[in-house]
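Q: Residue numbers (the working numbering), protein chains in the order written: chain A, 1 to 368; chain B, 1001 to 1160.
Keep in mind that the hints are not guaranteed to be accurate.
[Claimed, not checked] In silico DSS-like cross-links for lysine-lysine, where the CA-CA straight-line distance does not exceed 25 angstroms:
(1) 1113/B - 57/A
(2) 1053/B - 50/A
(3) 1074/B - 1112/B
(4) 230/A - 337/A
(5) 1105/B - 1159/B
(6) 1145/B - 344/A
No lab work stands behind these hints, which were simulated from the structure alone.
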Amino acid sequence: MSKKHILHGFLVAAFLVLLFGVGLSQPILDIVQGERPQVLEVFSAPPTEKNLRAYEKEMEDTSTIVQTVRPYMQYAHFLGLKDLGKDVLAGRDGWYFYKPDVQFLIEPWSGQEQVLAAIRAFHDTLAAQGIQLLVVPAPGKPSIYPEKFSARVQPGHGAVSRHSREMLARLVEAGVDCVDLFTLFEQNSATTSLYLKQDTHWSPEGMRLAAQEVAADLQRRGWVTKGAVKYMFKPVTIERHGDVLRMARSPQILAAIPPESTTCKQVVREDTGQPYEDSADSDVLVLGDSFLRIYERDEPHAAGFTAHLAQQLGMPLTTIINDGGASTLVRQELSRKPQLLQNKKVVVWEFVERDLRFGTEGWQVVPL
Amino acid sequence: MGRALNWRTLRVALLCLGIGVFASCSKGPASDVDDKVTTLGDTEVTAQLEEIKGEFADQTNYDYAFVMKYKVLKVHRGKLDTDTIYVGHYNPLTPRATVADERVKDVGGTLKKFRVGDIHRMALAAPMDDFFMGGIINRYFDEYKGPVYWAHWTNPGVKP
């Protein structure tokens, strides 16, 4: 057999392995593991486009070979193309962005009426019980630092969060009280790094700026009188890879990029020395998403938005925190726990701006 | 001769594969009982997954629980007043064996995938809010106001 034939044979074999290797190996692996071969599930539902797409996606997600190879392929993509997968966009100077954050800014969106209806209904329900509502949309990272995403955005670029600003204006027009963190953050973004480079969330400085503004707003409106509980700060430094990097689902990428070091201020009670804790009896209920969870329920704990808002207000707060669920899920949880509204004077409702469009389960009107 | 042998080998291999597939399809799980499903939570049932309402949220950056509707076939432990229950499963797209994480430690099992019609043996506790502090996608929210169970442990089950 000539070298030419051997080469042809090798190429044909390699091509066939590429074409059929994954498809044929998975049923064998399933059988070896005592499972029903997943390939047979294609016969378990009518062969509609939707079912076939779902089947295809499931095969991709659960294939042993794909699961094994994908992190390495993702790493190769990252090295060669700076590509971090479908949810992540690599920015400049080591900044990484969550794709839906960017999509929300640059794509058309037409869901304003549904959002408005849900927020107004919540506002009116609370008002009927004598409870004030303060809405606090949290700016997404690319809203404040678009120049870290693209070199084509120049410093002094002006507002890029058009949808959110329009929504803020419509809410105010509808009689809903809001805090405008967009303007505040834009004014401070050059002097302080308000967001984490590797994460979707605000930095400790950005979080604290927001907490100070919300506390000041509540007191300016006369809705909350400063309490008597004294808190002090305890600096804690943490090192972590941000959630955006972890979305790439490649340990090799995480190993190649050093974690981000962050110094937080943990809130500690002066009288007991114990880290801040919520209280169900507070006058103030805070609803929100992972922007409230970071530093608070994650390490170092008691160093997040609610702890700092409590420190500013001199009182512990009641909270419902729900990752990605501040649009509807937090209100559903409140509906299941009506006792949390007892004795409340104010509800502070934070949600990240992209959830105006992408919030889990949309913006439903939730009866309380 | 060589070609005939190859074809014979191929046919035998395909036959073996077919028998393997058939045998695998026809056999149920080796056992639906382990020390976790019999001890975690306060209720243990064998139940048929009756409905998964809508599609699971495919979110890479959020952990959540998804509420599913079950028809109870047998109560092994605890007490139930109804044969229809609503159960929240943590990150339902993840096999139960690897679903536990830093924030939610007390979940697991041997079930790999949720499929309507399948039978599960589960260790449960209610109300779910007492056991899971996170996003709960409950598409029965408007129609059902009773307790929702938290699935601590989920194994493939066998019909009692």
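Q: All the hints need checking, so say for each whether the structure fits it.
A: Going down the list of hints, with the structure as the test:
no.	hint	in the structure
1	1113/B - 57/A	holds (14 angstroms)
2	1053/B - 50/A	holds (16 angstroms)
3	1074/B - 1112/B	holds (22 angstroms)
4	230/A - 337/A	violated (29 angstroms)
5	1105/B - 1159/B	violated (29 angstroms)
6	1145/B - 344/A	holds (24 angstroms)
The structure is inconsistent with the numbered hints 4 and 5, although it conforms to all the rest.
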